[in-house]
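*Asks:* Produce the entire structure from the sequences given, and follow the hints as far as they go.
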Amino acid sequence: MKLNIKGQLKKLQAIRPDEGFVLRTRQAILLEKPRMSWGYILKTHEIASAGVFVFAAATLFLLASSGTTTFTGGKPVLSSLQNTNGLQQELSDMNISIQLNEISFQTDADKAITAAITEIADTKTSHLNPEMLKFEQNTTVPESGSNPKIDELLKTILL
Amino acid sequence: MQEEEKLIQKAQRGEKEAFGELYDKYFPKIYRFILLKVSKRPDAEDLSHQVFLSAWRNIYTYESRGFPFSSWLYRIAHNSVIDFYRTKREYVDIELVSTERISVDPEMEHLFDEKTELSLVKKMLAKLKEDEQTVLIMKFVDELSNKEVAEALGKSEGAVRVMQHRALKQLKKYAEDSYETEY
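Protein chains in written order, with UniProt numbering: chain A, 1 to 159; chain B, 1 to 183.
Please keep in mind that the hints were generated in silico from the structure rather than gathered at the bench.
All residues carry an ideal CB built from backbone N, CA and C; glycine is no exception.
Accuracy of the hints is not assured; some may be wrong.
As the list claims (entries may be wrong) - With a Cα cut of at most 30 angstroms, we get these calculated DSSO-like pairs of lysine-lysine:
no. : chain 1 : residue 1 : chain 2 : residue 2
1   : B       : LYS10     : B       : LYS40
2   : B       : LYS123    : A       : LYS33
3   : B       : LYS40     : A       : LYS6
4   : B       : LYS10     : B       : LYS88
5   : B       : LYS172    : B       : LYS127
6   : B       : LYS123    : B       : LYS88
7   : B       : LYS10     : B       : LYS25
8   : B       : LYS127    : A       : LYS6
9   : A       : LYS10     : B       : LYS127
10  : A       : LYS6      : B       : LYS25
11  : B       : LYS10     : A       : LYS6
12  : B       : LYS6      : B       : LYS155
13  : B       : LYS169    : A       : LYS11
14  : B       : LYS147    : A       : LYS10
15  : B       : LYS10     : A       : LYS11
16  : B       : LYS147    : B       : LYS127
17  : B       : LYS123    : A       : LYS6
18  : B       : LYS155    : A       : LYS10
19  : A       : LYS33     : B       : LYS16
20  : B       : LYS169    : A       : LYS10
21  : B       : LYS155    : B       : LYS129
22  : B       : LYS123    : A       : LYS10
23  : A       : LYS11     : B       : LYS173
24  : B       : LYS40     : B       : LYS29
25  : B       : LYS173    : A       : LYS6
26  : B       : LYS155    : B       : LYS123
27  : B       : LYS88     : A       : LYS33
28  : B       : LYS16     : B       : LYS29
29  : B       : LYS155    : A       : LYS11
30  : A       : LYS10     : B       : LYS10
31  : A       : LYS6      : B       : LYS29
32  : A       : LYS11     : B       : LYS29
33  : B       : LYS169    : B       : LYS29
34  : B       : LYS129    : B       : LYS169
35  : B       : LYS147    : B       : LYS173
As the list claims (entries may be wrong) - For the chain B half of the interface with chain A, some residues (derived, Cβ under 7 angstroms), not all of them:
no. : residue
36  : GLY14
37  : PHE52
38  : VAL162
*Replies:* As structure tokens, this is what we get:
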């Protein structure tokens, strides 16, 4: 007797799963949702959809970039971020500058205020003191309407 | 095949019924392959369930590349069996699959009149190396082509042919030895 190996292996095709189990598993599996990836969505959908997605992403990036520039006073953010030492230097320089400007302003203000107070407190100022003005008015002798020397000189020139 | 490609594309778009049809077509084959590898029906049921659940969840990753969908499923099944033995660390011989526990299509029952022969084949298969068993089951039970077997196992067609030839030769030798001792 000779064993037909390939024929015997083929007979194993008769193995079948339990039908009830097959149905239960089918239902359980189809309750799940297949996973999706962005790569697959972009690959399988229309190029136009992909274009819209890229455009939207680019617009969002530009908006985000302009917003960042406004908040940083127009200074590029990325260059500063690349160097933390530079960032710290910028920060310390900014504080010093603010402090020096404040000191200068306060000094000028002090001078103006001092001058104003002195002016107000000074009662001997000649052009503002009413007593002085009255004294000058009484003591001033108005000049005569004619001056003989001037008359002589005029005669010489004219004649 | 074009019909199957349409089903796959629908399934990749998330259509459950399309995947359901693929399930109906391939579940019995994958189950049989796994049962012949792990021997125990509960283990085979668990693994078959996991294989199709994984296939459904990752259906978008499937690319035809000239190979049928079945090769992709067999690859998942083969990896599942490897993982099963790696984690369980308990090898059960294929000969322990009881002939009585195998659910047989009533129309094919007459083929099992000679149960001794069937039992002998299972014993001989169990003596082969793991990859040789896999090649013979895929090739002669599931009737995959060499190209499909190679794709499922991640090997070249040449390597599959060599394994197949070696396995058949070994199986014949076991058969001759068995008949010499039993008859």
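*Asks:* So, for every hint listed, does it hold in this structure?
*Replies:* Outcome of the hint check:
{"no.": "1", "hint": "LYS10/B - LYS40/B", "verdict": "34 angstroms, violated"}
{"no.": "2", "hint": "LYS123/B - LYS33/A", "verdict": "41 angstroms, violated"}
{"no.": "3", "hint": "LYS40/B - LYS6/A", "verdict": "24 angstroms, holds"}
{"no.": "4", "hint": "LYS10/B - LYS88/B", "verdict": "37 angstroms, violated"}
{"no.": "5", "hint": "LYS172/B - LYS127/B", "verdict": "12 angstroms, holds"}
{"no.": "6", "hint": "LYS123/B - LYS88/B", "verdict": "22 angstroms, holds"}
{"no.": "7", "hint": "LYS10/B - LYS25/B", "verdict": "16 angstroms, holds"}
{"no.": "8", "hint": "LYS127/B - LYS6/A", "verdict": "16 angstroms, holds"}
{"no.": "9", "hint": "LYS10/A - LYS127/B", "verdict": "18 angstroms, holds"}
{"no.": "10", "hint": "LYS6/A - LYS25/B", "verdict": "24 angstroms, holds"}
{"no.": "11", "hint": "LYS10/B - LYS6/A", "verdict": "37 angstroms, violated"}
{"no.": "12", "hint": "LYS6/B - LYS155/B", "verdict": "28 angstroms, holds"}
{"no.": "13", "hint": "LYS169/B - LYS11/A", "verdict": "19 angstroms, holds"}
{"no.": "14", "hint": "LYS147/B - LYS10/A", "verdict": "19 angstroms, holds"}
{"no.": "15", "hint": "LYS10/B - LYS11/A", "verdict": "35 angstroms, violated"}
{"no.": "16", "hint": "LYS147/B - LYS127/B", "verdict": "25 angstroms, holds"}
{"no.": "17", "hint": "LYS123/B - LYS6/A", "verdict": "15 angstroms, holds"}
{"no.": "18", "hint": "LYS155/B - LYS10/A", "verdict": "24 angstroms, holds"}
{"no.": "19", "hint": "LYS33/A - LYS16/B", "verdict": "9 angstroms, holds"}
{"no.": "20", "hint": "LYS169/B - LYS10/A", "verdict": "17 angstroms, holds"}
{"no.": "21", "hint": "LYS155/B - LYS129/B", "verdict": "16 angstroms, holds"}
{"no.": "22", "hint": "LYS123/B - LYS10/A", "verdict": "15 angstroms, holds"}
{"no.": "23", "hint": "LYS11/A - LYS173/B", "verdict": "20 angstroms, holds"}
{"no.": "24", "hint": "LYS40/B - LYS29/B", "verdict": "16 angstroms, holds"}
{"no.": "25", "hint": "LYS173/B - LYS6/A", "verdict": "14 angstroms, holds"}
{"no.": "26", "hint": "LYS155/B - LYS123/B", "verdict": "26 angstroms, holds"}
{"no.": "27", "hint": "LYS88/B - LYS33/A", "verdict": "29 angstroms, holds"}
{"no.": "28", "hint": "LYS16/B - LYS29/B", "verdict": "20 angstroms, holds"}
{"no.": "29", "hint": "LYS155/B - LYS11/A", "verdict": "27 angstroms, holds"}
{"no.": "30", "hint": "LYS10/A - LYS10/B", "verdict": "33 angstroms, violated"}
{"no.": "31", "hint": "LYS6/A - LYS29/B", "verdict": "18 angstroms, holds"}
{"no.": "32", "hint": "LYS11/A - LYS29/B", "verdict": "13 angstroms, holds"}
{"no.": "33", "hint": "LYS169/B - LYS29/B", "verdict": "25 angstroms, holds"}
{"no.": "34", "hint": "LYS129/B - LYS169/B", "verdict": "13 angstroms, holds"}
{"no.": "35", "hint": "LYS147/B - LYS173/B", "verdict": "27 angstroms, holds"}
{"no.": "36", "hint": "GLY14", "verdict": "6 angstroms, holds"}
{"no.": "37", "hint": "PHE52", "verdict": "5 angstroms, holds"}
{"no.": "38", "hint": "VAL162", "verdict": "18 angstroms, violated"}
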